[in-house]
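Colleague: Spelled out, the chains give:
Protein chains: 2
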Amino acid sequence: MPDKVLIYSRLPKSMTQRFADRFDLLDSGGRPAHEVFPAEEMAQIRALITAGGTPLGAADMDRLPSLGAIVCYGTGYDGVDLKAAAARNIAVGHSPGANAAAVADVAVMLMLATTRRLVVADRYVRDGSWAEAKPSPLMKPPPSLGGCKVGVYGMGAIGRKIAARVAAFETDIGYFSRTRYDDLPYRYFQSLDALAEWCTVLMIAVRAGAETTHAVNADLLKKLGPDGHVVNISRGSVIDQAALLSALKDGSIAGAGLDVFEAEPHVPDELTAQPNLVVTPHIGGNTREAHVAMQACVVANLAAFFAGEKLPYQVKS
Amino acid sequence: MPDKVLIYSRLPKSMTQRFADRFDLLDSGGRPAHEVFPAEEMAQIRALITAGGTPLGAADMDRLPSLGAIVCYGTGYDGVDLKAAAARNIAVGHSPGANAAAVADVAVMLMLATTRRLVVADRYVRDGSWAEAKPSPLMKPPPSLGGCKVGVYGMGAIGRKIAARVAAFETDIGYFSRTRYDDLPYRYFQSLDALAEWCTVLMIAVRAGAETTHAVNADLLKKLGPDGHVVNISRGSVIDQAALLSALKDGSIAGAGLDVFEAEPHVPDELTAQPNLVVTPHIGGNTREAHVAMQACVVANLAAFFAGEKLPYQVKS
Numbered sequence: 001m002p003d004k005v006l007i008y009s010r011l012p013k014s015m016t017q018r019f020a021d022r023f024d025l026l027d028s029g030g031r032p033a034h035e036v037f038p039a040e041e042m043a044q045i046r047a048l049i050t051a052g053g054t055p056l057g058a059a060d061m062d063r064l065p066s067l068g069a070i071v072c073y074g075t076g077y078d079g080v081d082l083k084a085a086a087a088r089n090i091a092v093g094h095s096p097g098a099n100a101a102a103v104a105d106v107a108v109m110l111m112l113a114t115t116r117r118l119v120v121a122d123r124y125v126r127d128g129s130w131a132e133a134k135p136s137p138l139m140k141p142p143p144s145l146g147g148c149k150v151g152v153y154g155m156g157a158i159g160r161k162i163a164a165r166v167a168a169f170e171t172d173i174g175y176f177s178r179t180r181y182d183d184l185p186y187r188y189f190q191s192l193d194a195l196a197e198w199c200t201v202l203m204i205a206v207r208a209g210a211e212t213t214h215a216v217n218a219d220l221l222k223k224l225g226p227d228g229h230v231v232n233i234s235r236g237s238v239i240d241q242a243a244l245l246s247a248l249k250d251g252s253i254a255g256a257g258l259d260v261f262e263a264e265p266h267v268p269d270e271l272t273a274q275p276n277l278v279v280t281p282h283i284g285g286n287t288r289e290a291h292v293a294m295q296a297c298v299v300a301n302l303a304a305f306f307a308g309e310k311l312p313y314q315v316k317s
Numbered sequence: 001m002p003d004k005v006l007i008y009s010r011l012p013k014s015m016t017q018r019f020a021d022r023f024d025l026l027d028s029g030g031r032p033a034h035e036v037f038p039a040e041e042m043a044q045i046r047a048l049i050t051a052g053g054t055p056l057g058a059a060d061m062d063r064l065p066s067l068g069a070i071v072c073y074g075t076g077y078d079g080v081d082l083k084a085a086a087a088r089n090i091a092v093g094h095s096p097g098a099n100a101a102a103v104a105d106v107a108v109m110l111m112l113a114t115t116r117r118l119v120v121a122d123r124y125v126r127d128g129s130w131a132e133a134k135p136s137p138l139m140k141p142p143p144s145l146g147g148c149k150v151g152v153y154g155m156g157a158i159g160r161k162i163a164a165r166v167a168a169f170e171t172d173i174g175y176f177s178r179t180r181y182d183d184l185p186y187r188y189f190q191s192l193d194a195l196a197e198w199c200t201v202l203m204i205a206v207r208a209g210a211e212t213t214h215a216v217n218a219d220l221l222k223k224l225g226p227d228g229h230v231v232n233i234s235r236g237s238v239i240d241q242a243a244l245l246s247a248l249k250d251g252s253i254a255g256a257g258l259d260v261f262e263a264e265p266h267v268p269d270e271l272t273a274q275p276n277l278v279v280t281p282h283i284g285g286n287t288r289e290a291h292v293a294m295q296a297c298v299v300a301n302l303a304a305f306f307a308g309e310k311l312p313y314q315v316k317s
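Going line by line, the protein sequences match chains A and B.
When you line the first sequence up against the working numbering, it's residues 1 to 317, in that order.
When you line the second sequence up against the working numbering, it's residues 1 to 317, in that order.
Take every hint as true, because none was put in to throw you off.
Calculated cross-link-like contacts (lysine-lysine; reagent style DSS-like; alpha-carbon spacing at most 25 Å): (1) K249/A <-> K222/A; (2) K13/B <-> K140/A; (3) K223/A <-> K249/A; (4) K13/A <-> K134/B; (5) K13/A <-> K140/B; (6) K310/B <-> K4/B; (7) K222/B <-> K140/B; (8) K13/B <-> K134/A; (9) K149/A <-> K249/A; (10) K316/B <-> K83/B; (11) K83/A <-> K310/A; (12) K140/A <-> K223/A.
By construction, these hints were calculated from the structure, which means they are not laboratory data.
Construct the complete structure from the given sequences, taking the supplied hints into account.
Modeller: As structure tokens, then:
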């Protein structure tokens, strides 16, 4: 009999098919599991698959008294209370690096789209304004990327891939992360403040958590300056979204590109009404190959757990 | 008295200010010059500034009997009848390489935007569909760029900068151009057909002209396959636009990103209605630094001409 695995977050069937081939899935379709499955069924569940951003705290864990493994689909695990998991002897796994290239591609796409105003440009052509010679919203040329100072906040697998891509655009790259890496050819800054003072474009690639929540606030955005742009492919919690809205409205910065938001999938209407913003619905890791790689990590973590072994992709806490 | 220079194409005042500081500009505002200026004034004009794509043939030259220099703003000169100019002893100048980085940035932006479906993604968030959990147009994940075969058609200053950028996305790069360059680390193909057979994403960076008109036609697009994308930042004439529309509609290719069109600023409504297309209004070279560099080439060409010297940035014909 295959092992039972709870699908804890709302995941499309296309993403869980590979798990269904191997495990007996209990899928709550994104609703709270204890509202869908009876307590006796919950009591048998030893492992679950979750999107790392979905809240999973002590109370949730206590509804699953046999739980031994929380396996995150993707690199993030910010929704999981790691202390509560450790206290209950629950292993937490994720998919480190599996989607890094795909996410970095989206980061660079958003950087280019916000600096060159792609969404405004596309609309200007598409609605016939260009053909009718209506005043162009693109009349004022933006600065070139060449020579532009780009700051990368966080230098994990994704930050490295972002930096490698951005360097090809003849930019000057600096970074801030807890660790200084001697193998990297980029300028290191001792603090996020110092990085923001220096750079014009800020790329957020830091892991979400208590210490990075609202790290990018009104003061920090102001340091980027009126030609400044911020791109976030990490987690919405890293940016103070209300401060970003103000900065976009009052011209403290020139624009922003966001793949992640504070309360996904909800994005305030006032934010999406801003023309100097480009938004995508958390699609960073959404490529065929990234899904295959993330799914391989999930399967490897689950297989090891059910075999009584240590998870191969265990979160370091 | 400053030398008189005709502004032959429609160029915004912000782009001609630097010329006005040095020359006496006759600006027809984009209308045919001979309809704006009397014949005796036309007869005195010795030099003009034009956007390279604006048609400028023998008959136009004959209305300017003193014309000695045609100076293109930008790298292109496809609108200028070079044989007619040579026959009249008119020098033709342009701005080679001045906007190459800015144009290459837009090429990569369009490549990322078409492969990751940015415009559709932005709209899905912006119109509230994501928040309302409406079916996502992005459910089927696209292939990753990593390992993707990208073909560059044309390997001049812009093609080289495109290839250098695209290589950072962990792609495999091939190219076709009249010349094979031994200094380049990319795979060379003997023909555009062979390149298209090999690659999935085709980046058009070839100089426009009779030999490249409609080089990218229905047959060629089909070779890219159903995961294929085409990006054009060169000139609209290189693509058979009607064939591209069909290919986008019937799924022969997955998508396209266009900064240039056959009859700018006119783009057929049926083309802009396609969701698998991203469009920009010929903004490739539109950055502050690119304009400064292009203007420097224009001024240097005009100054040399009026000093009786050879143009420093003369078109090789």
